[in-house]
Amino acid sequence: MSRNRLDDFDWEKAENDMHDILAEDPIPELTRLEAQTLVQRVLGRIERKPARHWFEVRPAFVVGFAAAAVLLLVFGITKPKKPETQSKMEITEIIETYENREPEELLIDAVEDGKVEEDILVELLPLDSEIAEEIFDIYTPVDINERIDMLSEDEAEGILMLLDELGYPGKEEV
Amino acid sequence: MKTTSEQKRILTKAKNGDRDAMAELIENNRDNVFALAYRMTGNRDDALDITQETFVKAIENIRNFKGKSTIATWLYSIAANLSRDYLRKRIRRDSVSLDEARLSDKSDSPIDTIDEDERKKLVRRAIAELPPATRAAFVLRYDRNLPIAEIAGVLRKSEGTIKAQLFEAVKRIRTILKIEE
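For the protein sequence lines, the chains are A and B, in the order given.
Positions in the first sequence are counted from 1; adding 4 to them yields the numbering used here.
Positions in the second sequence are counted from 1; adding 31 to them yields the numbering used here.
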């Protein structure tokens with residue numbers, strides 16, 4: 005977009021117009037009950053969390069651990085053909101390769117067959133171009149194993165099969 | 032609005048696990064977080080869920096908050112990310128129904144010629160037409176009134192990118208609602 009178009013744009017008029025438009029649909033206020041419930045639920049959930057381990061509050065450790073774990077997960081330590089370390093770019097390329105295989109059809113079939121829950125697939129498997137940016141946020145062995153642990157035998161089998169199809173190591177290899 | 036020193040006091044106590052301080056932090060910021068989530072999702076229940084998730088995530092990570100931004104900005108950042116994740120999932124899940132829900136019914140009516148309820152719906156649908164990232168910038172600027180520099184910090188984009196997104200958003204909303212430039 006050219007800088008001129010942005011510079012020539014009447015930002016003040018835009019501001020007024022947009023405020024007028026948003027005023028047409030005011031934000032509803034939370035009721036007293038909703039506000040109380042919100043506090044109770046948040047604090048209740050915080051309380052139910054297990055005590056944190058010492059390494060969880062050390063960001064540098066967590067970042068290093070997560071990065072190493074992701075690399076191990078994605079490329080697998082048991083596969084001799086794979087190099088031991090991989091760059092983020094290589095991970096991205098793998099994701100792109102996978103995207104080129106049009107996984108949506110595979111996934112939609114799996115969901116329709118009831119093999120896996122759609123929510124879990126959306127969490128685990130990249131379906132849009134933004135996934136490459138977010139790979140380190142999403143793909144951690146902890147996430148995947150925790151989610152797999154929550155599934156039934158059949159669901160876990162389905163998702164492991166999909167991960168295998170996509171070239172990810174199975175749970176037992178992590 | 033609490034003063035900065037009061038906010039710092041609450042934050043310090045919350046970091047030390049004080050439940051009353053955590054509750055105060057939620058109460059002081061819930062309306063802002065809910066408003067952002069509501070504008071992003073256009074749905075009260077979803078906005079409430081996102082508000083809850085935002086505070087759970089914030090309190091879980093409160094020790095990592097260094098105070099480089101205000102607590103409100105930090106919470107906006109968490110809420111915006113959660114809202115965008117939610118929208119991406121919803122778009123994938125409901126792509127057919129969302130398409131059907133688009134502006135086919137009232138698209139010929141300029142906003143000032145229809146009744147109040149329809150105007151509300153039309154505004155909500157117009158915002159829903161914006162892609163998630165653009166929508167976040169739009170809501171933070173025109174609903175939450177954040178300066179562009181602060182939005183850039185919240186969404187981790189350059190100020191130029193935010194300006195371009197706002198330009199596109201305004202253009203698109205004007206087109207959808209048939210408002211003259």
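In short, the hints are calculated from the structure, not lab data.
It cannot be assumed that every hint is accurate.
Stated by the list, open to error - DEER-style ranges, computed between Cβ atoms: (1) B/160 <-> A/37: 16 to 24 Å; (2) A/35 <-> B/176: 31 to 39 Å; (3) A/52 <-> B/147: 41 to 49 Å; (4) A/51 <-> B/190: 39 to 47 Å; (5) A/48 <-> B/44: 34 to 42 Å; (6) B/190 <-> A/41: 34 to 42 Å; (7) B/99 <-> A/39: 36 to 44 Å; (8) A/17 <-> B/94: 40 to 48 Å; (9) A/15 <-> B/155: 18 to 26 Å; (10) B/149 <-> A/40: 17 to 25 Å; (11) A/35 <-> B/94: 27 to 35 Å; (12) B/75 <-> A/51: 37 to 45 Å; (13) A/39 <-> B/94: 40 to 48 Å.
Just so it is clear, the structure is predicted and the values come from calculations on it, not from any experiment.
We treat Cβ as the ideally placed atom computed from N, Cα and C, and that holds for glycine.
Between residue 75 of chain B and residue 51 of chain A, does the C-beta distance stay in 37 to 45 Å? violated, 26 Å
Mind checking the hinted window 34 to 42 Å against the Cβ distance between residue 190 of chain B and residue 41 of chain A? With a Cβ separation near 38 Å, residue 190 of chain B and residue 41 of chain A satisfy 34 to 42 Å, so the hint holds.
Taking 40 to 48 Å as the stated bounds, is the beta-carbon spacing between residue 17 of chain A and residue 94 of chain B within them? With Cβ atoms ~45 Å apart, the hint holds.
Quick check: does the Cβ-Cβ distance between residue 99 of chain B and residue 39 of chain A fall within 36 to 44 Å? violated, 29 Å
27 to 35 Å as the expected CB spacing between residue 94 of chain B and residue 35 of chain A, which holds or is violated: holds, 32 Å
Falls inside 34 to 42 Å, the C-beta gap from residue 48 of chain A to residue 44 of chain B? violated, 19 Å
Note whether the CB distance of residue 149 of chain B and residue 40 of chain A lies within 17 to 25 Å or breaks it. violated, 34 Å
Quick check on a hinted range of 41 to 49 Å for residue 52 of chain A and residue 147 of chain B, using CB atoms only. holds, 44 Å
For residue 39 of chain A and residue 94 of chain B, compare the CB-CB distance with the range 40 to 48 Å and indicate the outcome. Given about 26 Å between the Cβ atoms, the range is violated.
Is the distance from the Cβ of residue 15 of chain A to the Cβ of residue 155 of chain B consistent with 18 to 26 Å? holds, 24 Å
Return holds or violated for the Cβ distance of residue 35 of chain A and residue 176 of chain B against the range 31 to 39 Å. About 25 Å separates the Cβ atoms of residue 35 of chain A and residue 176 of chain B, which means 31 to 39 Å is violated.
Looking only at beta-carbon atoms, does the pair residue 160 of chain B, residue 37 of chain A fall within the given range of 16 to 24 Å? violated, 33 Å
Violated hints, listed in ascending order, are 1, 2, 5, 7, 10, 12 and 13; each of the other numbered hints is respected by the structure.
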